[in-house]
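> Below, each chain spelled out in residue letters.
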Amino acid sequence: MFPLYMRFISTGTVCTYARYSCLCLPCPCKQVDYIQRRGYKKKWAKNEGSKPHTVHALNHMEAFYKPVFKERWPSIRISLLTTSKYCALLNNYNSENEKVEKYLTDLGTYNAMEKAKLARAKYLEKENQQIVTEQSSLPIESLIDFPKRPSHSEVDENDDVNDDDEDVKEDIQPVVGKNTSLYDFIPTKRVYTDKELLQQHIARVATFDDSLLEVPVKVIQEQVPELPEDLKFFVYPKGDISKFPNPKMKHGNLLGYYMMDAASLLPVIALDLQENDSVLDLCAAPGGKTLAMLQTLKTENLTCIDESWSRLSRLKDISKWYIGETPSSMSVSKRDGKLLEDPFYNKVLVDVPCNTDRHVLISEDNNLFKPGRMEERLELPKEQMELLVAGIKSCKPGGTVVYSTCTLSPAQNDGVIHAAMDHLWKETDIDTVVIDISYLRPIFKDIFTFFPKTKYGQLVLPTLSSNFGPMYICKIKRIR
Amino acid sequence: MEPILKVLQDQGFEGSGIYEILLSFGRITDEDPTELSALLMFLRSIYRTDRKFTRVVTTHPEVLSLIPAKINARVNTLQELFKSDDVLELTIMSPHIIFEDMETIQEKFDYVFHTMGISQRQMMYSNMFNYSLLHIQTRHVFLERAGFYKKTKKEKGEINTNPLLQDILGLSDKVFAKKFGKMTEQDYKTFAKYFAQEVETYME
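The listed protein sequences correspond, in order, to chains A and B.
Each residue of the first sequence is one higher than the one before, counting from 1 in this note's numbering.
Each residue of the second sequence is one higher than the one before, counting from 481 in this note's numbering.
Since the hints were made in silico from the structure, they are not lab data.
A few of these clues could be false.
[To be verified] Now the in silico label distances, taken between C-beta atoms and shown as ranges:
1) E678(B) with H201(A): 34 to 40 angstroms
2) A121(A) with E583(B): 57 to 63 angstroms
3) G252(A) with E583(B): 29 to 35 angstroms
4) Q586(B) with P371(A): 38 to 44 angstroms
5) V679(B) with E98(A): 56 to 62 angstroms
6) D422(A) with N607(B): 56 to 62 angstroms
7) E569(B) with H201(A): 53 to 59 angstroms
8) E98(A) with E678(B): 33 to 39 angstroms
9) P245(A) with L651(B): 33 to 39 angstroms
Beta carbons are placed, not taken as given, at the ideal position from N, Cα and C, and that holds for glycine.
In isolation and in its complexed conformation, chain B is listed as follows (with noise of 0.2 angstroms):
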């Protein structure tokens, strides 16, 4: 324990930061000092300034059970889809795609890419990764029986007037429900159930 601490300290966490750590990622304390050196070193690297990184480690202690190589190897797949920077960007609103599942992430970016057609752009400001695929499915689907979306042809010149991405999954339910429709919380609530039985049945 106390060589963790030690090594926490010297990276410049304050004892309630250490303590959340702590709350959250409790196996902290078996880990390898000198690792756990190595790897908070590497963070900072790739992070760079000191607010960002002590806020991944901070909202995600998770990130601290993995290797470095794991960590390089996620950010390059995460580089297939998204611009360098951008994905700096991502996992530092989003941190657990660095260690999540990559095929929910690759379901997610295939659903907002291809079936929306909204681009990566959009997808930077929408915090879109902190949802989940249903979430985004249902608001989507929504919009698109309301009548609000549709998704543009660019070849066609058609004109894309479409909610932005961070109002179609940030709003919460009530307003949403309000600003596409004039409907209630429970009619959105209502579809979401009716909409998460169709893709039960379509999964079968």
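If we strip away everything but chain A, and leave its shape as in the complex, we get (with noise of 0.2 angstroms):
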């Protein structure tokens, strides 16, 4: 970064830049009047310099997911400041995946998903669950009771002609002689500035309160599926902090893996991908998501859709280094997702632009918690709502919507995920219900940490032996 000013003597010609070695800018000797100070100088300053914005958007987080968190949050505040971890999405698509395997494994890595069938195996016993058919003879919807929605009142023509005479009526007649308190005539005791205003507006839009709004939003529980049996990832063991090489193409002519947060793995896993489903991804790019969709081998007619040109481009050459090319059962477009609302698809991926709790903490870039930012920030809680609700409302019936961000932000999990059951009570004739998704828990214990208080969806919270995530996934399904 250059400095504005550099500092010149007030009667002399002769430019000092010879000083400012970083400096190849030629600049024309100016004279003035007075002396300009470079940069920030502690000494001098009168006021503090500026927080750097990793700053202001840890303070943030300490004053809105502490408590939350409580006793765990010094676990996750020094876990999302150290080093993340990652793992390897092996690559179906390449003809020697096998000797990627052995590859990695060799490494000192193993095969997760292995682990985490063995888990669900276990974990079925203890829980001793029927395999229910596939075909259950009562449909769902019998067995859940929505509650009646609020109705709507509707306004004729002439109501309102009547009402204009009886407001005028209204008006006439004069206050006195009624019960009027004193104290409603008060001028207001307190007037906040601002700075008060947005403080509050943001307390407002960082916290989740349940108590607020009305919808009765249901839980339910499905027989646990199976694990999706092509998609493989593979993990050093807690605590191993060992990296993985940059994937390169030595085995088969595509690369062998792709390094990604596992955590990301577990929407794709609970959307739970069969056979001749239409699957749309919302918010697709930059890929990461769409590509572990892509290694379950299920997807013959996939949607991409996302909103930045440059970011899509990625989502491309990620299929183009994993896949050889876009495959032709996938189409990917720049569009804007909260537009959609025609039910096509079965499944539905929601993967929202979050506060990236990670990314914000360490790189300064165009973070989000910069002044400039801020109305996006703010306004960040209603954008994801009105992505989940568009949707839910391009999953067909009997269909799932998943729904995922990567931050610990209770406002932008559950609080999105209450909101959007609200609107859609509201606003439409879709009935949806909330899908237990705490099975993944003993399934990948081994692997995640998980917060046991989470209202509606699965939070993976980040810990130093296994520092993956932060990821929250909540899966509903459309009824009606």
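Starting from two chains that each stand alone, build the complex the way the hints lay out.
Okay, here's the thing in structure tokens:
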């Protein structure tokens, strides 16, 4: 970053830019009548320099996440600030993927999906679940009573005219004589400054108070689905911080594996893709979860959309490097996800833009917590709700929608689910239920740490020994 | 060999003490007996009490390889950092600071005093010179990132709520991780690995 001013001697004409060797810009020597200081020098500064945006983000988290996580917060805080852990997602489209598997296990990693399958078998044994046939005799709607919606009053044109007359009559009647308290006319005791109003708004947006909304959200349990058999990912054991070497093309014609945060695979697993599913990926870019869906080998009909051209091109690059070319079964387009509403799909993944906790704590570049992006940040929960509602509208009845974020903020997780349900209940005829995915916890307990106190979805917490996450996943089924 | 043993005995060292000295510092037999005698007298004069003197010599007999002038010089440099009484205490708790590389000592002091903002008073109770700089840094950064440590600015009137240096450095990994964040020993050890990696990449 180049300083805007340089120190010029007030009467001389010699530019001392030779001193600032980092500046190679030729600048004309100016005669100025005052000495301007370069950048920010602590001993001369009247005010303390502005905090870096990453510090601003950290303070925000201290204020809003700490009260939610309480004694778990120090562990989360230190994990977010320390190097994160990656997993290697095996590329099934590579011709030599077995060699890649061996290569990865030789490095000291293990196939986490295998372990999860064993854990699942154990868990089911423990739970003594009976295998229920897919076609159950009773349709699910009959088992659930949905509460009556608030009625929308219909306004007739004739009524309007009558109302006006009545209003005029009301106005003439004097106020004196009615029971009016003197306190009705007292001016406001306190006027909030702009800054205070803003702080109140920020606090409202950042917290989730479930007593405010009226809709009752139902959470139901379903039979534990099978894990996707072709999706394979390799991780180093807990406490092992070895890194994966960058994937190269030495085995086969395509890249062998994709490095990503293992927690990002959970939404794809929760989606439980089946043959012949038509899948919609809202906010697909940059493409990690999309690639994971492709690796399940059950994507004959995949639609990816995103708002950003540059991020979509990353998605196309990924499909080029890992699949060879964009497969014909997959369509990629630039669209605004919030505008979708036609129920074409039976599986929808809504991986919304969020606070991206890890990223804002580490990178200053275009940080979400910089003042210029404050409006954007405060509007996030609303945008997330709109995307989720659009995702649900695009889902056929009987289909499922998985909502995921990579933030710990309860307002952007359970809060958005609740707000979306509220909206759907009041404004539409769509009926949905939240599906309980807590079965993921015992199955993946060796790899991830989960937060036990979420309301609707599951939340992966980052810990030092397994520094994956944060990731929030919630599964919703559309009934009608 | 004989004259050395006689010198040690004259100075009041018992059989087991002499045995330990010989074990850890075999080269003592190459020393000149009169020089050794002078050195021991010198050390005795610094430490005054018999207990302290014997403790220093038996735990770190390498100190006997130095000449009095060097010891004096080192004590003088240390007195720039600590009060004279404290310097003596430090040499008893951590005798190796007498002959250790001054740069290492200075590094540790700078880190604890300037980066962590801790006074000499706390340093005295903590045995900090017995730990490596990496250990001190790992423990400090762990606390900072977990939110338990904040360098206080006394001028602004902030109250110091940081844990004591002796707890920061002295607690075992397991107790430390549990006390500060309810984490496991494995968590702490993993952090130490990540941090060592960060330091290495920073050095490059």
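> Are the hints correct? Go through all of them and say.
Outcome of the hint check:
no.	hint	in the structure
1	E678(B) with H201(A): 34 to 40 angstroms	holds, 38 angstroms
2	A121(A) with E583(B): 57 to 63 angstroms	holds, 59 angstroms
3	G252(A) with E583(B): 29 to 35 angstroms	violated, 52 angstroms
4	Q586(B) with P371(A): 38 to 44 angstroms	holds, 42 angstroms
5	V679(B) with E98(A): 56 to 62 angstroms	violated, 39 angstroms
6	D422(A) with N607(B): 56 to 62 angstroms	holds, 60 angstroms
7	E569(B) with H201(A): 53 to 59 angstroms	holds, 57 angstroms
8	E98(A) with E678(B): 33 to 39 angstroms	holds, 36 angstroms
9	P245(A) with L651(B): 33 to 39 angstroms	holds, 37 angstroms
Consistency with the previously given hints fails for numbers 3 and 5, ordered from lowest to highest.
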